[in-house]
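With the hints as extra help, turn the sequences into a complete structure.
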Amino acid sequence: MPSFDVVCEADMVEVKNAVEQSNKEITTRFDFKGSSAKVEQKEKELTLFADSDFQLNQVKDVLVNKMTKRKVDVRFLDEEKVEKIGGDKVKQLIKVRNGIETEDAKKITKAIKESKMKVQASIQGETVRVTGAKRDDLQAAMALLRKDIQDLPLAFNNFRD
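Position 103 (the sequence shown) corresponds to 102 in numbering that gives the first Met the number 0; numbering is contiguous.
Calculated from the structure, these hints are not laboratory results. Worth double-checking, as some hints may not be accurate.
Label pairs and their calculated CB-CB ranges [claimed, not checked]:
{"id": "1", "residue 1": "D135", "residue 2": "N97", "range": "48 to 54 Å"}
{"id": "2", "residue 1": "K41", "residue 2": "K109", "range": "32 to 38 Å"}
{"id": "3", "residue 1": "A110", "residue 2": "D135", "range": "17 to 23 Å"}
{"id": "4", "residue 1": "N56", "residue 2": "F158", "range": "38 to 44 Å"}
{"id": "5", "residue 1": "E79", "residue 2": "M11", "range": "17 to 23 Å"}
Lysine-lysine pairs mimicking DSSO-like chemistry, simulated, CA-CA at most 30 Å apart [to be verified]:
{"id": "6", "residue 1": "K23", "residue 2": "K59"}
{"id": "7", "residue 1": "K133", "residue 2": "K146"}
{"id": "8", "residue 1": "K109", "residue 2": "K133"}
{"id": "9", "residue 1": "K59", "residue 2": "K43"}
{"id": "10", "residue 1": "K70", "residue 2": "K43"}
{"id": "11", "residue 1": "K23", "residue 2": "K70"}
{"id": "12", "residue 1": "K88", "residue 2": "K43"}
{"id": "13", "residue 1": "K146", "residue 2": "K94"}
{"id": "14", "residue 1": "K133", "residue 2": "K115"}
{"id": "15", "residue 1": "K106", "residue 2": "K146"}
{"id": "16", "residue 1": "K115", "residue 2": "K94"}
{"id": "17", "residue 1": "K68", "residue 2": "K41"}
{"id": "18", "residue 1": "K68", "residue 2": "K94"}
{"id": "19", "residue 1": "K83", "residue 2": "K37"}
{"id": "20", "residue 1": "K37", "residue 2": "K94"}
{"id": "21", "residue 1": "K41", "residue 2": "K83"}
{"id": "22", "residue 1": "K41", "residue 2": "K23"}
{"id": "23", "residue 1": "K41", "residue 2": "K90"}
{"id": "24", "residue 1": "K15", "residue 2": "K80"}
{"id": "25", "residue 1": "K37", "residue 2": "K90"}
{"id": "26", "residue 1": "K88", "residue 2": "K41"}
{"id": "27", "residue 1": "K37", "residue 2": "K88"}
{"id": "28", "residue 1": "K105", "residue 2": "K146"}
{"id": "29", "residue 1": "K106", "residue 2": "K70"}
{"id": "30", "residue 1": "K37", "residue 2": "K15"}
{"id": "31", "residue 1": "K115", "residue 2": "K146"}
{"id": "32", "residue 1": "K68", "residue 2": "K146"}
{"id": "33", "residue 1": "K23", "residue 2": "K83"}
{"id": "34", "residue 1": "K105", "residue 2": "K37"}
{"id": "35", "residue 1": "K146", "residue 2": "K117"}
{"id": "36", "residue 1": "K88", "residue 2": "K23"}
Backbone N, C-alpha and C fix where the C-beta goes; we use that ideal spot for every residue, glycine too.
In structure tokens form, the structure reads like this:
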């Protein structure tokens with residue numbers, strides 16, 4: 000029975016490279032001279048540090064720019080609120096989304112069921128497995144998900160015939 004998995008995973012190597020490139024650019028830019036602006040990465044969490052809200056937005060722009068150049072979808076980033084950490088300094092935590100949450104998985108299975116295609120979708124942890132009798136049906140399901148669910152950076156892997 001042909002099948003494939005719908006996943007939502009960022010390439011963490013590329014994320015790490017984007018963080019390193021961002022820090023390199025921040026240290027060389029004139030408008031960041033003498034400031035404590037930087038980006039730190041711990042597993043799937045990025046922390047942005049800056050001296051002011053404006054500078055924090057600049058750091059975020061640099062990071063997003065580097066991620067885009069490295070072909071990392073910025074929809075993976077979940078921004079949390081800006082925190083003050085003493086004086087004028089601020090920080091912001093950004094989580095890198097990994098895996099499909101249950102609400103989003105239910106939305107994916109609902110979209111497939113409502114399309115009346117001859118495929119079945121089942122939630123398996125942080126992935127959604129789609130199975131069908133024909134390869135063409137599975138490819139049609141992929142096209143449907145790309146069109147209907149645009150708020151998630153979905154990828155399709157583990158395609159089996």
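Note to self: Just to be careful, I want the Cα atoms of K41 and K83 compared with a cutoff of 30 Å; is the pair within it?
What the structure shows: Status holds; Cα separation ~20 Å.
Next item on the list: Sort out whether K94 lies within 30 Å of K68, counting only the CA atoms.
Entry: Holds: K68 and K94 sit about 19 Å apart, inside 30 Å.
Next item on the list: Sort out whether K90 lies within 30 Å of K41, counting only the CA atoms.
Entry: Since the Cα atoms of K41 and K90 sit roughly 14 Å apart, the hinted pair holds (cutoff 30 Å).
Notebook entry, point to check: Taking only the CA atoms, is the gap from K15 to K80 under or equal to 30 Å?
Noted result: Measuring from Cα to Cα gives roughly 22 Å; hence the hint holds.
Next item on the list: With a cut-off of 30 Å on the C-alpha distance, tell me whether K88 and K43 pass.
Entry: 23 Å, holds
Item checked: 30 Å limit on alpha-carbon distance, applied to hinted pair K105 and K146 -> With Cα atoms ~17 Å apart, K105 and K146 stay inside 30 Å; holds.
Notebook entry, point to check: Does the Cβ-Cβ separation between A110 and D135 fall within 17 to 23 Å?
Noted result: Since A110 and D135 have Cβ atoms about 18 Å apart, the given range 17 to 23 Å holds.
Margin query: For the hint 38 to 44 Å, verify it against the beta carbon of N56 and that of F158.
Written below: Since the Cβ atoms of N56 and F158 sit about 40 Å apart, the hinted range of 38 to 44 Å holds.
Next item on the list: For the pair supplied as a hint, K133 and K146, confirm whether the alpha-carbon distance does not exceed 30 Å.
Entry: 21 Å, holds
Margin query: K23 and K83 were given as a pair; does the straight-line alpha-carbon distance stay at or below 30 Å?
Written below: Judged against 30 Å, a Cα distance of about 24 Å means the pair holds.
Note to self: Would the hint linking K23 and K59 be met if the CA-CA limit is 30 Å?
What the structure shows: 14 Å, holds
Notebook entry, point to check: Is it true that the CA of K68 sits at most 30 Å from the CA of K41?
Noted result: 21 Å, holds
When each numbered hint is compared with the structure, violations occur for hints 1, 16, 34.
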